[in-house]
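Sequence lines, in order, name chains A and B.
Position one of the first sequence corresponds to residue 1 (the working numbering), numbered consecutively onward.
Position one of the second sequence corresponds to residue 1 (the working numbering), numbered consecutively onward.
Derived by calculation from the structure, the hints in this document are not laboratory data.
C-beta: ideal position from N, C-alpha, C; glycine also.
Do not rely on the hints blindly, as some may be mistaken.
Claimed, not checked - Take a look, some chain B residues computed to stay more than 10 Å from chain A by CB distance:
| no. | residue |
| --- | --- |
| 1 | M1 |
| 2 | S3 |
| 3 | E55 |
| 4 | R95 |
| 5 | T96 |
| 6 | D99 |
| 7 | P102 |
| 8 | E245 |
| 9 | L253 |
Claimed, not checked - To give a feel for the contact side, a few chain B residues facing chain A, derived at Cβ under 7 Å:
| no. | residue |
| --- | --- |
| 10 | L2 |
| 11 | Y115 |
| 12 | R117 |
| 13 | A258 |
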Amino acid sequence: MEINWKEYDSNNFFDELINEKQEPRAPSKKLVNYLSSLEGDELEKRRLLAEATIQEMGVSFTVYTEEGNIDRAWPFDIIPRTISAADWKIADAGLKQRLNALNLFIDDLYHDQNVIKDGIIPEHIIKESKNFRPECVGISPPFGVWAHICGTDLVRAGEGQFYVLEDNLRVPSGVSYMLENRAITKRVLPELFENDTILPVDDYTSKLFDMLAALSPRDIEVPEIVVLTPGIFNSAYFEHAFLAQQMGAELVEGSDLFVADDDCVYMKTISGPERVDVIYRRIDDLFIDPEAFDPTSVLGVPGLMRAWQKGNVALANAPGAGVADDKVVYAYVPDIIRYYLNEEPILANVETFLCDDPEQREYVLANLDQLVVKPANESGGYGMLVGPHSTKKDQAIFADLIKANPRNYIAQPTLKLSTSPTLVGKGLIEPRHLDLRPFILQSKDTYVTTGGLTRVAMKKGSLVVNSSQGGGSKDTWIVDLEAK
Amino acid sequence: MLSRVAERIYWSARYVERVENIARLVSVYDNMMYDLPKGVDISWYNLVKINGSTELFHERYKVQDEKNVLKFMLEDDTNSSSMLSSLKMVRENIRTTRDVVPEATWELINELDIYARTNIKKGINRSDRHTFLTRIIEGCQTINGLLAGTMSRDATWQFVLLGRNVERSDMTTRVLDAAVSLMLQHQEEERLALAQVLWSKVLKSQSAYLNYRRTVRTSISGAKVARFMLNDAYFPRSVSFCFDEMLLAVNKLPHGDAVLESLNALKEMDFEITSSDDLDMKFRDYLNELQIGIIQLSSNITESWFSFDKGEAA
């Protein structure tokens, strides 16, 4: 069955590929025409090829269920989403600006706290932050950078403008899927890569390596870089193994490392102890060092904080960076950018109501059926209320939660998330909502991925894109229309 | 190479070998029981003795019959050396080192584990036992074949060789010891009749029968079988072949001095066998010392590569 674009109706949402006149937008012209040219079951054949490729490449993610953890094949839609290089240039600049300001902010919080003294952000917001680490006060990590790897969720709404939905500064995941999505798409739709100028994404792992290497406390040619994973049962283990392998770094667990009397970190190898310079840790702050934090944790390395505080090892992201990964802090980011950089924010925030503020709280409580309510420190789409899709009972529960702990909740208007054509049956295409997670790296230099990981809500009308909640993903094309 | 990864690979290889050895042992015993001459009485319980687990067996079972012995050897999850326990250990070790072994290893071990669990009753009951055990042995050989055919010969591979050969040499000494102890349990006349059956079964248990025929080229006797199983330089399950394989492996690894030392000491241990009369209590003592030496070797391996003294770092 061929695609019938005439019947495609994005229902007044901004569609990434098709405009209001049911015509392809400039960056998607070749893609849409190509898809239209496919005959009969060709699209279904390509979908099956993608499925087989995912199995072969062993791309999976782990879902926690009552029956134990299951490795699931990565859910993937073969139709890419396109963005013009000109649009992306703005997003790229905006993301760099944002991370730069956030790092200045974190560094300030652990030193003079001018941002509080100057009244930009109320003191109690930071005092009551779950992710402020007193252990980090006075520490100066290399380049003043705390959040080295940031996954910022962007959405397009309204007329196609980008908005920042949230910043993930603790252990953002998903970048391996961005890379695998491209690898799969190249196999499934190879013809398109010949005619279109689709900007490549595969330099991420070498940029990641360079960013990490720049943090090495020892000035040596080959610093020892490791990826620290909580282990095989973690939902992102596939990604940890992938990144370690792609960078040629060791994939280590906490028990593979130790801190010696010289306060340096070593890994236990068959040749004896080998000093470790940089740890890309994929474990949350509170589990990295049982000596400094949770004494019952077996995931981390006793003494790691001590080694880091003395500057003998670099941790990416630095402990305490999560203080800026708080949806209340998020609301202040535009002010933070103006304060530290004296610039206007390039990327807009989504309008946000702080339940901490009595007036805003009243508004939120009165409009729960219209708003999306989010806890300040959860990730993965857990513990949310999506107002328009909720019951009276859900709303009552959230009203109580908000009243009991107002500091922990924010609310945002239900966004008109953009859509993109998605394969939902044999040759059958419907619009589905999506978001985008680019990854930003910062140490000596700053780098933004070309595009990022596009996540798609696979259910009709749904706004929830997290893979742990049944979402899927797509390849993301930044198309350079000017390239000849 | 990380010590943890090395250790898990080492134990994966040991447990694969152990699973295969248990299946071989039970299979040969099963076969032998039907061929025993009149007046020779051999109990299944000897299998428990071979593995040195009499105490644990008595904690679990009152009757020393065929069914209990097979349950204990194959199924029992309180026996850490049972076949299913060993398979579980292979699986756990591979699961956490999937990134350093060929991709299909994980699938193969899962297949074997599922087969063993679903069909374990076949191993315990008599009628399908042969089919079951053959399938297990084949499963182990498939895994070893995959590793041999696709693994890079880096340090990881050397630990596969160490694990496999530690376990294999240990098992060979146990099989010999079991045979000698059976012989010594019987009087002169039965012993002669038993010898004919027993020593060819010993060879078969190690897939050594044809190799022996081609190499030794004379009739089968206890003395010659023992010499072949201990000293043949070409047969992969002979004790000295296992030691030689390990010497090659250790020489490719960093600071293996302590391990080399215990390997060389093991190689020097010798026991002169001129006739089958030499297979006596002294020979059993010798085998016992060999086993102790192998245990020492294994603990040297652990100390040299897997365990850590933090003092070294400072």
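Tested hints:
1. M1: violated (5 Å)
2. S3: The claim is violated: S3(B) sits with its nearest Cβ about 4 Å from chain A, within 10 Å.
3. E55: holds (32 Å)
4. R95: violated (6 Å)
5. T96: Violated, because the least Cβ-Cβ distance between T96(B) and chain A comes to about 6 Å, which does not exceed 10 Å.
6. D99: Contrary to the label, D99(B) does not stay out of reach of chain A, its closest Cβ about 5 Å off (not over 10 Å).
7. P102: Consistent with the label, P102(B) stays out of reach of chain A, its closest Cβ about 12 Å off (over 10 Å).
8. E245: Label holds. Min Cβ-Cβ 18 Å, cutoff 10 Å.
9. L253: violated (6 Å)
10. L2: holds (5 Å)
11. Y115: Violated. Min distance 21 Å.
12. R117: At about 16 Å, which exceeds the 7 Å cut-off, the nearest Cβ of chain A leaves the hint on R117(B) violated.
13. A258: At about 13 Å, which exceeds the 7 Å cut-off, the nearest Cβ of chain A leaves the hint on A258(B) violated.
Comparing the model with each numbered hint stated earlier shows that hints 1, 2, 4, 5, 6, 9, 11, 12 and 13 do not hold.
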